[in-house]
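A.B. asks: Spelled out from the first residue to the last, the chains are:
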Amino acid sequence: MSVLPLRPQPGHPISVDGVSKAFGRGRDRVAALNGLTLRVGPGEFVCLVGASGSGKSTLLNLVAGLDRAGQGTIDTGGVRPALMFQEPALMPWLTAQQNVELPLRLRRLTGGHSRAEAERLLALVGLGGFERRLPHELSGGMRQRVALARALAQDADVLLMDEPFAALDAITRDDLHTELEQLWLRRRMTVLFVTHNAREAVRLADRVLLLSSRPGRVAAEFHVNLPRPRRIENADLGVLAARIGDTLRELVRDGD
Amino acid sequence: MATELRLLAGKSDLSTLDRERHPPAWRRGWRATWPRLAAVALLLAAWQAVVLSGWEPDYLLPGPAAVLSRLGEEARSGVFYQALGTTGARAVAGFTLALVIGSATGLAVVSSGTLRTAVGSLLTGLQSMPSIAWFPLAILLFGLSEAAITFVVVLGAAPAIANGLISGIDQVPPLLLRYGRVAGARGLSLYRHVALPAALPSFFGGLKQGWAFAWRSLLAGELLVMLGNRSSLGARLNFARELGDSEGLLAGMLVVLLVGMLVDALFGVAGRGIRRRWGLAE
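Protein sequence lines, in the order shown, are assigned to chains E and Y. Each residue of the first sequence is one higher than the last, beginning at 1 in our numbering. Each residue of the second sequence is one higher than the last, beginning at 1 in our numbering.
It is worth saying that the hints were derived from the structure and are not from the lab. Every residue gets a Cβ at the ideal spot worked out from N, C-alpha and C, and that includes glycine. Be aware that a few hints might be false.
Heads up, incomplete: computed chain Y residues facing chain E, CB under 7 angstroms, no partners named [unchecked claim]:
1) Pro174
2) Leu175
3) Tyr179
4) Arg181
5) Val182
6) Gly184
7) Ala195
8) Pro197
9) Arg277
10) Trp278
11) Gly279
Chain E is nowhere near these chain Y residues, computed Cβ spacing over 10 angstroms in every case [unchecked claim]:
12) Pro23
13) Trp30
14) Gly54
15) Leu122
16) Glu146
17) Gln209
18) Leu258
19) Val263
Stretch by stretch, here's where chain Y covers chain E in the computed footprint (C-beta under 8 angstroms, at least three residues) [claimed, not checked]:
20) 83–93
21) 99–107
For reference, chain Y alone in the conformation it holds in the complex (with noise of 0.2 angstroms):
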């Protein structure tokens, strides 16, 4: 029993205790790590296989070897940095005005009850609404140019960025609200202290949600909306189909994933970081 207790309260194995349960950042790190890495590993292999089985010439279907080789070339070209700047620059500038028109709507909602009625479900049908039809209409209006792009990104974002925002208001627990009117919050204050707060985690999977839909519009974009003195990662592929370049296409392909998935993976640790803090995640 005395034993017990001493190593109870020794101070050394209360931190072994809390090494097991917090392990270092390098253990953590590689946790998460090799189960990826073993992912991407069985999809090389498979690719290289389908390459192998003689399925299709090696200059339409190069192996995995020839493409990586390819893309470390062009990530030592100043072309392909310019392609990957313009198409990023589009990419924060329509998210961003995603951002602002989708939150501003998504306010608008959930503070008239006409306007709920009138476009809520305007917002959910726009949301499942494939972006790419938008084009069509984006060019005749717009013309081939960035604000055709610009535009429908913006209509493929600003639902589900309004659409968490909507959601997160409305879950909002009663209780809190309460409380908030018990301490003297009205209208704006109790917005900014208690009902915008407590919809952030929602609507923070509402950004995750928009950013994947204006990525996907982007893109769309590009491949539709030639503008012939810019080089971007979408006319990069379209170039490369008509070269016949296959290396050049799966090239170009990895970098639209690679950023896509790089992109979503940065909103997930910022969101699991707001829900770990408000208390929804371990």
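With the rest of the complex left out, here is chain E (with noise of 0.2 angstroms):
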């Protein structure tokens, strides 16, 4: 972990002003994101929560820049954000390092240093020694662990994550956790972080917003004052957690 400098400022701030998104044409259109206006400060570690239906995926994509907002503007300090989803998306034929290059290599950052930093990387993330595997011949956690390292191979001070960790074992996300949250006290990148779990939320951010359903807005802010390093079995962190989910329930409800 030590290898990892500090980074003399935080990450780029992320607004959201006004932004709406629809799909559909005519009577099938469908508001995802209606008006919606959020802020992440520099360096500020956001989870938003909601249910499906949200405009949580949504939203990340146009804050990636992978889709356009219908109105509204959505401002990254000009930085291209890394995205990190909820399956790995590695290329099968790289190898794990390959993987890790390939952010660096599209940057084109000569093969030497590519290599270097990848390396580099891949043991931040725990994975010393899986340089030359495959994804199939990782395990989910482990490639999760190299997705990681590919986003942050970005070098982005933004990072999106899209419910990162569902797919993965309890025992696993938690290590990841804990591994993401070191990687974001000594880097303190902006992120964006979006998930179902009230208790995963609680566990990394310093704020938790909560987006109602059809079509998406915040409905609910959250601020977590809890010292860090964190534990996700940590009573005040459950009772907020708790507290969240309430709040979530009722949101669902009044939706239906």
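Fit chain to chain and form the complex, with the hints in mind.
C.D. replies: Now the structure itself:
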């Protein structure tokens, strides 16, 4: 863990202003987001929690620049954010190391430099010694670690995560929470993290935003003032997660 | 329990496990070879049985022994290698040209919606058209020439190669393309780093199929387009028939079969290697 240098300054803020997005046309038109406004401060860790259909993934796609908003503006300070999906989405023909090198090569870093960088990042996510394995030779948790290393390789100081640990078992997820928190503490990138799981949100975030469903807007906000590093078993953490869960259930009931 | 643990940790036992999962090369080779050898032996036996039944006289349908010894004789003659060389060179030239044209066509089709609508189904149609049906036209256009043969070989193989590339790129998991865009790949770099490598297993399937079409078209061409001064595998089949030389005819056919199988096997090995690397096969 010690190889990662401290960043002198935190990541760029994310501003989402009055953003609307709809899919389909005419009578089939469905609004996924309607005038959504939110802000993630520089180096802040924000978790976005909401029921299915609240437009969380739509929002991340918009912030990542994969899709265009119908209305409103999104500002990430001109940097291209890194995005991690629920699936690792590794290139199956590339070794772990080559996968991590891919964004470096796309940024035209030269061979020797990008190799050293990829090795460093893999060691950082606990995969030293696995550089030459192919994705199908790794476990689900290891693949997601490679994806995390690859996202870090993009050297974006804005990191978007779309339920990245949802498909993992509880123990692996817990490990990855710890690693992500350590990375974030040292690097202070701006993180917008989407999850279904209120406990995961409280485990990681400075602030938890609840999205109401159909169409999405911020319905509630919770500040998490728990000391770091945190533990998922922490009692205060559980109390806050329960409160968030209750609010979320009310929202879903009202929405129907 | 302690013994079990020791056994599990023991280096020699691990290597035994390893040996079972990865048997030595000669044993794997033998496992893959003996069923083929048995099939060949059965085939030769059936052939011999037909000859022994007296259905056709020896000079029309010779037995395997006569044909194989003839093959051995020919394998020591220069003319045979000249013929093999001519046919081989035509195959390589035709297939290479088909590779270039087929890949370019495939790339053009996947990158343009209009072009796909225009020629997508035509490509599939071309693939199912027997390439020998092109020969009369080829001969009209190019005369009795190398160009006529190459023309038909390319028409036989290129659609399969193009279709392999097209279906390969169509089947690239959308998530990989999404990741490519997140990492900043656009246009050409998205093709180079994501779409093309992801399409490689399917493309290779197209190559293998293209080779089969090319080889068929080539032999058909050599039977129809006889270039007087050049010996080829196809021309030798014709001569053997004209001379009533059944042994030579069957020996020639065996060579055609063996060359086709050999190249197909090479494609098979390479294709399996790719599929294994891509995690699509054990």
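A.B. asks: Run every hint past the structure and note whether it holds.
C.D. replies: Hint check:
{"no.": "1", "hint": "Pro174", "verdict": "violated, 10 angstroms"}
{"no.": "2", "hint": "Leu175", "verdict": "holds, 5 angstroms"}
{"no.": "3", "hint": "Tyr179", "verdict": "holds, 4 angstroms"}
{"no.": "4", "hint": "Arg181", "verdict": "holds, 6 angstroms"}
{"no.": "5", "hint": "Val182", "verdict": "holds, 4 angstroms"}
{"no.": "6", "hint": "Gly184", "verdict": "holds, 5 angstroms"}
{"no.": "7", "hint": "Ala195", "verdict": "violated, 11 angstroms"}
{"no.": "8", "hint": "Pro197", "verdict": "holds, 5 angstroms"}
{"no.": "9", "hint": "Arg277", "verdict": "holds, 6 angstroms"}
{"no.": "10", "hint": "Trp278", "verdict": "holds, 5 angstroms"}
{"no.": "11", "hint": "Gly279", "verdict": "holds, 3 angstroms"}
{"no.": "12", "hint": "Pro23", "verdict": "holds, 20 angstroms"}
{"no.": "13", "hint": "Trp30", "verdict": "holds, 28 angstroms"}
{"no.": "14", "hint": "Gly54", "verdict": "holds, 58 angstroms"}
{"no.": "15", "hint": "Leu122", "verdict": "holds, 31 angstroms"}
{"no.": "16", "hint": "Glu146", "verdict": "holds, 38 angstroms"}
{"no.": "17", "hint": "Gln209", "verdict": "holds, 21 angstroms"}
{"no.": "18", "hint": "Leu258", "verdict": "holds, 33 angstroms"}
{"no.": "19", "hint": "Val263", "verdict": "holds, 25 angstroms"}
{"no.": "20", "hint": "83–93", "verdict": "holds (count 7)"}
{"no.": "21", "hint": "99–107", "verdict": "holds (count 5)"}
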